[in-house]
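**Student:** Based on the sequences and whatever the hints tell you, model everything.
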Amino acid sequence: DQQVKQNSPSLSVQEGRISILNCDYTNSMFDYFLWYKKYPAEGPTFLISISSIKDKNEDGRFTVFLNKSAKHLSLHIVPSQPGDSAVYFCGGAGGTSYGKLTFGQGTILTVHP
Amino acid sequence: EAGVTQSPTHLIKTRGQQVTLRCSPISGHTSVYWYQQALGLGLQFLLWYDEGEERNRGNFPPRFSGRQFPNYSSELNVNALELEDSALYLCASSFGRYNQPQHFGDGTRLSIL
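Just so you know, the sequences run in chain order Z and D. Each residue of the first sequence is one higher than the last, beginning at 215 in this note's numbering. Each residue of the second sequence is one higher than the last, beginning at 87 in this note's numbering.
Check the hints yourself; a few may be wrong.
Claimed, not checked - Computed spacing ranges between beta-carbons, pair by pair: (1) Z:221 - D:94: 30 to 38 Å; (2) D:181 - Z:229: 30 to 38 Å; (3) D:106 - Z:310: 24 to 32 Å; (4) D:113 - Z:322: 28 to 36 Å; (5) Z:326 - D:137: 41 to 49 Å; (6) Z:309 - D:116: 16 to 24 Å; (7) Z:221 - D:184: 25 to 33 Å; (8) Z:265 - D:106: 30 to 38 Å; (9) D:137 - Z:290: 30 to 38 Å.
To be verified - Derived list of chain Z stretches under chain D, where covered just means 3 residues or more per stretch with a C-beta under 8 Å from a C-beta of chain D: (10) 245–258; (11) 313–327.
Hint data in this document are derived by calculation from the structure and do not stem from the laboratory. All figures in this text were calculated on a predicted structure; none of them were measured in a lab. Glycine residues also receive a C-beta, built at the ideal position from the N, C-alpha and C atoms.
**Tutor:** Now the structure itself:
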């Protein structure tokens, strides 16, 4: 039962353009969502989070949008930089799953100079 | 501020052995989480400790156990190691229990021969 899905295994973007990473969830009890990026041989690095009482959260070049009715969230990176090339994971938590982050399978983002 | 630290970074064991992995959280963080990332799979939640108590547990057999010490550091113990236990084990910590981002260490790479 995959409660969080990232349907795009990879995404390729030109430097300076927008990167949009998508994530769908099925557990309606989730009320807190996060995005992480991960470089090889390192642990995931927290990027940005959003609680279900909001539909948008911004932090610098990163914006997360939450559509609760569609059970969908997205991460926008503007402008994209080559250093953003990494694996991006979305995660959700809530209800009886407090403390337990359920992650998607990840999307490999490649930003070309 | 020092991040989450894990030891050892790499470990090689044989089937049937036992292993202990260690984690020191970020100063001031009281919750510690353990995740497993097996090859080709996503991050799977193992355990959550908060204030010395086990608060939540993922779908792993009882031979995966752990504890949290009064200084909030934590150990993950795996008994009767099996080949499929080969994975990256990640520890994360957070300040408080609810709707707080989890910050990850770089993990312990466990290989079972």
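**Student:** Are any of the numbered hints broken by this structure? If so, which, sorted upward?
**Tutor:** none
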